[in-house]
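Protein chains: 2
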Amino acid sequence: MSGSAAYNTLVTTFTKLYRYQHLQMIAGWDQAAMMPSKGNDARGAAMAELAVLMHNTLTAPHLNGALTAAKAEVTDGVERASLREMERQWQVANLLPADLVEAKSLAGSRCEHAWRTQRKANDWQGFLVNFREVVKYTRQEATLLAEATGLSKYDALVAKYEPGMNGATIERMFNELKQWLPGLIKQVQAKQATETVLAPTGVFPVEQQRALGLEVMGLLGFDFEAGRLDVSTHPFCGGVAEDVRITTRYREDDFVQAMMGIVHETGHARYEQRLPREWVHLPLGQARSMGVHESQSLSFEMQLGRSAAFLQLIAPLVKKHLGDQPAFAPDNLGKIYTRVKPDFIRVDADELTYPAHIILRFEIERALIEGEIEPDDVPRIWDEKMLAYLGVDTRGNYQNGCMQDIHWTDGAYGYFPSYTLGAMYAAQYFATLRKLYPDLDQRIARGDLAPIFTWFEQNIWSQASRWETPELIERATGEPLSATHFERHLRQRYLGEG
Amino acid sequence: MSGSAAYNTLVTTFTKLYRYQHLQMIAGWDQAAMMPSKGNDARGAAMAELAVLMHNTLTAPHLNGALTAAKAEVTDGVERASLREMERQWQVANLLPADLVEAKSLAGSRCEHAWRTQRKANDWQGFLVNFREVVKYTRQEATLLAEATGLSKYDALVAKYEPGMNGATIERMFNELKQWLPGLIKQVQAKQATETVLAPTGVFPVEQQRALGLEVMGLLGFDFEAGRLDVSTHPFCGGVAEDVRITTRYREDDFVQAMMGIVHETGHARYEQRLPREWVHLPLGQARSMGVHESQSLSFEMQLGRSAAFLQLIAPLVKKHLGDQPAFAPDNLGKIYTRVKPDFIRVDADELTYPAHIILRFEIERALIEGEIEPDDVPRIWDEKMLAYLGVDTRGNYQNGCMQDIHWTDGAYGYFPSYTLGAMYAAQYFATLRKLYPDLDQRIARGDLAPIFTWFEQNIWSQASRWETPELIERATGEPLSATHFERHLRQRYLGEG
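Protein chains in written order, with the working numbering: chain A, 1 to 498; chain B, 1 to 498.
Each hint should be verified, as a subset may be incorrect.
Identical copies carry no separate label here, and so any pair may be met within one copy or between two of them.
Lysine to aspartate or glutamate pairs mimicking EDC-like chemistry, simulated, CA-CA at most 16 Å apart [stated by the list, open to error]:
1) K319 <-> D331
2) K38 <-> E225
3) K136 <-> D99
4) K38 <-> D223
5) K16 <-> E171
6) K16 <-> D441
7) K16 <-> D41
8) K38 <-> D410
9) K319 <-> D41
10) K385 <-> D324
11) K335 <-> E351
12) K319 <-> E112
13) K186 <-> E351
14) K120 <-> D405
15) K186 <-> E252
16) K319 <-> E49
17) K178 <-> E363
Read the hints as simulated data drawn from the structure, not as lab findings.
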């Protein structure tokens, strides 16, 4: 118990919210992984009722006074951080008028629902009608959040996903990337053009892929008494910190994606599983941000999972579960998992071209929210940037161009940078780790992953939301976020430099 | 919308409760079928928070006035029935003081928790300490409910599980059973002593048993777009009407129990799946009672599932999934599924001896609640009745005697009769069906189960809680509940009479 009565009141309310959120997360996981189709309407109604309840709990009039009083009373550093995170959640629920929240939510649902057919039909003009509405309400949201927080409009949206980050910093980072990334992609493509890659062939039964996935999860420290692996159309990491549910999807003609997908989700999962238990019921105890969450999955997938050392470690497991074939040689697995090919679709992109997809989205959505461009302008700018950054021609191809993502349909502007920020954080973590353990790759290859997990435990997982992201990164790595580590990692992996 | 504003207010509140209950049921199913062990504390806290919320919703002060006003305003028959069912739920939450509810709940948890080890240790004296407390609080509950409802103490508890039923009627029915049941059991044992039954042998892999179970469920009309089959330690039917989750447990050396367990749970499931959708959000739209629910599972398991005709129908499926062996001949399956053997344990009892287990529990718990006997008297009476009804000696064997069930540990007095009432309802339904379809067995044998489902749809499933149980039974079968049909069914099945 704190010495501040007001703070204790807040703890009571946020503990209640944590319990409601538990039900929300489990019902959401079930909806994606277990629920039969006819259960959907009742589930939707129940989850909407729960959302109303959570909103009402977080907008109860007494909380405003309790926050003000607690801020005056609390002096302890952890409690002050706890208050900061409570206030962050409180603001999201309280700063916006209910009619705007509802209008944006309805516009988003309408746009997303129609998009599912419009995308298939390449129907940009049809999409544009709903898209304009979503942008309109998101701009209103951004304006109100900007007024309340003193940030710019776009930054106010970014802060929802990456507290402490802003458009100017992202722009600076991404501009650095833009200087060397397109050239690097071309270089790597030229290099890989002469390489031979054996494609795995055969049927890989789901049960065997699952057994392989479970063994790899075990290697990565997943706690099976506090989580599960299941199947869903779109893989995700859900559930609650005490009971983390990851999913994947299997194709019997290809295990490559499912296996690395499991590594990725296990990165998310371990972060959740190792969040500090003494704060688990408070905003303070939750994962820092979308970007930091992605930095965990990308640490596992990109830094560790696709490394030559890790593939050397798990190649015998692949053989054990899926039988032997030349394509399963560690060296060949390495080639498979580092193949670079500029293409239309972000979610299918490789490690090297992925940032280009993100940079163009960041530039477009920032301009959209700041009112510098209009929804009608998007395809033209998209086409230009895709050609410039990736050499891919998307003219007239809306479905594989600016209509490919769900984020802009349902109003999640400010979210896209998280993906590449996560990749950059991950590269910086591993640069630090490599300084601490010059023999890191040898350790990985022989299955000694403890140094990695211990470092994450101490520097990221146990810190939860104790610090805003820039401070978390600086405390963990000894320096502010820098694009250098990401560049060095990519040059090392893809060109063998350094 | 009703013409009564008060009634509409109630509908709003009960719709909210229905949505909360959805979350409760899904979280409860997940806890039993999916949740890893370390998730349990957080789940318990979340479900307790939800229970508090539901209790607060149902005890909101305005509901009392709304119920009174609506009862004065509503004239429509369906709405009056709807009000009756709302009031029933309201009473359960409002008639008892919070401190008694809490004291009983704590005493029940303590007793049940200790019982799990005391039972194994055959520790009656240790058990007795907690058991006395549970009986004390249950008597207080019964006294208050009796005062409020005008029923006797035991009847007030029975009404929680079987509205409209009472101890006097149950006593009359059970006294009838007692006249012929012990003799019938002996006769059947004598007859079966000379029969040869082939035991199935081999290993029956879980996946094959599951495939068989799914096919049998399909035959029984289970809607897989509105439900699932999973595994849990204690099989149950859970979920919600729109999304029914049944479970079973498999043993690789024995498929007999799992298969019939699936048939049993499918009976529960179809009742839920076919409850009328227009009432699904109201107490009116919920299953009538524990006894009627059990009548559905026992209709499927006992009346249909263990019949010679049904076993003839599914014997080819058993062979298809588990391979062929002489034990899978329909006639032999019939012998397996109708084997009679008086024994200690209720949950393992066969169709014929099961009612004896229930009758003795009813007689003891009724006397306990009415204050005619004390907890200390239970073993002595148990031993006497087990010897009289089943010829089984339980002296000193508490763990397989009066300490075998969970019901008395956590205060669920008045529940036991539901099992045998359900068996009697089921026999009466099928007597009606056989009058309508004299060729019912031939139809079953050739897979024409539609007449059965149509009859249940019209007479039971679609009626939900429209009528109290006695009226439901009389409307469905044209006469009040009578033990005759049950006796005739048993004599026909086990002695070939009639």
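Each hint, compared with the structure:
In this assembly of identical chains, K319 and D331 lie within 16 Å of each other by CA distance solely inside one copy; the values are 14 Å within and 49 Å between copies. In this homomeric assembly, K38 and E225 come within 16 Å of each other (Cα to Cα) only across copies, at 6 Å, whereas the closest approach inside a single copy is 31 Å. Only within a single protomer do K136 and D99 lie at most 16 Å apart by alpha-carbon distance; the minimum there is 14 Å, versus 54 Å between protomers. When the C-alpha separation of K38 and D223 is checked against a cutoff of 16 Å, the pair qualifies only between copies, where the shortest distance is 9 Å, while the shortest distance within a copy is 33 Å.
For the homomeric pair K16 and E171, neither the shortest alpha-carbon distance inside one copy (39 Å) nor that between copies (47 Å) is at most 16 Å. When the C-alpha separation of K16 and D441 is checked against a cutoff of 16 Å, the pair qualifies neither within a copy, at 45 Å, nor between copies, at 56 Å. For the identical chains of this complex, K16 and D41 are inter-copy neighbours only, at 15 Å across copies versus 26 Å inside a copy, given an alpha-carbon limit of 16 Å. For a Cα distance limit of 16 Å, the shortest separation of K38 from D410 qualifies neither inside one copy, at 24 Å, nor across copies, at 35 Å.
In this assembly of identical chains, K319 and D41 lie within 16 Å of each other by CA distance neither inside one copy nor across copies; the values are 44 Å within and 39 Å between. Taking identical chains as interchangeable, the C-alpha atoms of K385 and D324 are never at most 16 Å apart, the minima being 43 Å within one chain and 66 Å between chains. In the homo-oligomer, the alpha carbons of K335 and E351 lie at most 16 Å apart inside one protomer (13 Å), although the nearest pairing across protomers, at 65 Å, exceeds that limit. When the C-alpha separation of K319 and E112 is checked against a cutoff of 16 Å, the pair qualifies neither within a copy, at 42 Å, nor between copies, at 49 Å.
Only within a single protomer do K186 and E351 lie at most 16 Å apart by alpha-carbon distance; the minimum there is 14 Å, versus 76 Å between protomers. Taking the shortest Cα distances, K120 and D405 sit within 16 Å of each other inside one copy (12 Å), while across copies they are farther apart (58 Å). In this assembly of identical chains, K186 and E252 lie within 16 Å of each other by CA distance neither inside one copy nor across copies; the values are 33 Å within and 58 Å between. For the homomeric pair K319 and E49, neither the shortest alpha-carbon distance inside one copy (49 Å) nor that between copies (48 Å) is at most 16 Å.
With identical chains, the CA atoms of K178 and E363 are at most 16 Å apart within one copy only, with a shortest distance of 12 Å there and 83 Å across copies.
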